[in-house]
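Novice: Listed below, chain by chain, are the residues.
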Amino acid sequence: GAGVSQTPSNKVTEKGKYVELRCDPISGHTALYWYRQSLGQGPEFLIYFQGTGAADDSGLPNDRFFAVRPEGSVSTLKIQRTERGDSAVYLCASSVSGTANYGYTFGSGTRLTVV
Amino acid sequence: RKEVEQDPGPFNVPEGATVAFNCTYSNSASQSFFWYRQDCRKEPKLLMSVYSSGNEDGRFTAQLNRASQYISLLIRDSKLSDSATYLCVVRPMNRDDKIIFGKGTRLHILP
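One line per chain: the protein sequences are A and B, in this order.
At position 85 of the first sequence the residue is numbered 85 (the working numbering), and the sequence of numbers has no breaks.
At position 21 of the second sequence the residue is numbered 21 (the working numbering), and the sequence of numbers has no breaks.
Same shape as in the complex, but just chain B (with noise of 0.2 Å):
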């Protein structure tokens, strides 16, 4: 099973709805989650870590279920600007050291 599990998609969704991606994480004790984006051709750029408790900023959510072990990313009211690639990102230790990153899912917005 891979660290990191993500739908790749492409999720195709007209501008201004609600979409929603999970992925899901094997090691139990991982201690970090984040949120990447990376644009066509571009690095990953940090989105948005998540809580325990869950987080928003703007028009993102992102939530933890660490009994089920994964992570969800709400994007609402979705803007042509959003079409990306999301990497679901695990830090496995509460210490400096390495990121995992899954494959990415894609996102298209369609005018």
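Just chain A, same shape as in the assembly (with noise of 0.2 Å):
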């Protein structure tokens, strides 16, 4: 697509419930990252993949977080048992491998809400 696409835009979800976070990355992005932006303050890194594997999960907060990306494309980012404070806007970026110097392309993210 044209750009990095998440879904949904918007979700609300009982404590203790599952949830899934969908991004499709920009066609022919190899990398793919995850990041967690609470309210006033700075997206903070979550996870990243070059191609299909987890190059850095580094940021994952605990065992209840989880991301695959099993074909080197579309990525999930799980959460198991949610808590009041996983809510936050989940902002998922592509780039092109070996591009170090230039920024990142961020999706609109999907804010989550856990009620």
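Distance condition first, Cα-Cα at most 30 Å in a straight line; then the derived DSSO-like pairs of lysine-lysine:
#: 1; chain 1: B; residue 1: K42; chain 2: B; residue 2: K103
#: 2; chain 1: A; residue 1: K78; chain 2: B; residue 2: K42
#: 3; chain 1: B; residue 1: K103; chain 2: A; residue 2: K15
#: 4; chain 1: A; residue 1: K78; chain 2: B; residue 2: K45
#: 5; chain 1: A; residue 1: K78; chain 2: B; residue 2: K2
#: 6; chain 1: B; residue 1: K103; chain 2: B; residue 2: K79
#: 7; chain 1: A; residue 1: K78; chain 2: B; residue 2: K103
#: 8; chain 1: A; residue 1: K15; chain 2: B; residue 2: K42
#: 9; chain 1: B; residue 1: K79; chain 2: B; residue 2: K45
#: 10; chain 1: A; residue 1: K17; chain 2: B; residue 2: K42
#: 11; chain 1: B; residue 1: K45; chain 2: B; residue 2: K103
#: 12; chain 1: B; residue 1: K103; chain 2: B; residue 2: K2
If you're looking for bench data, these hints aren't it; they were derived computationally from the structure.
Fit the two chains together into the complex; they arrive one by one in their own frames, and the hints show the way.
Specialist: Printed below as a string of structure tokens:
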């Protein structure tokens, strides 16, 4: 597609439920990143994929969070047993591998609200 | 110490004025630097990269001081449409890897 697409745009879930957030990167972009942004904060790194593998998952806050990218394109961020503190905007970005001196293109995010 | 630190503002500036933001970073080995702009309830968008020699894009000038580990953004002849949050961004490694965001500086341009 023309840009990074994230679905759903909004998700309201009850505490304790499981959610999946989807990211469809720009075609041909091998690098994919997930960030989380809470109100009044800058985006916080969660995980980075290079192709199908997670190259850096050091930002995942705990083992309730997991992400996959099985075919090296679409990625899914999975959150188990959601907590109210998980409420945030989850941003996905992609970039062309090897363009270390350029920024990323972000999707418009998924606003997750845990009630 | 946070990896990237910015004054959160808000900066309230009259239209037409010049405004400058600074940002400091803690990792002296950091390789790439950027300014992003984020409008309310929107995703961050790349405003400009920051080069060692300093660079300009229209009314925007970015500077990097590696010795003092700070980055600056100068906006001249500010417009109402410049109202946004400006995020300072650092890439620690010179390869595909995560980029680190500051909290952002909020700018309000007043008519």
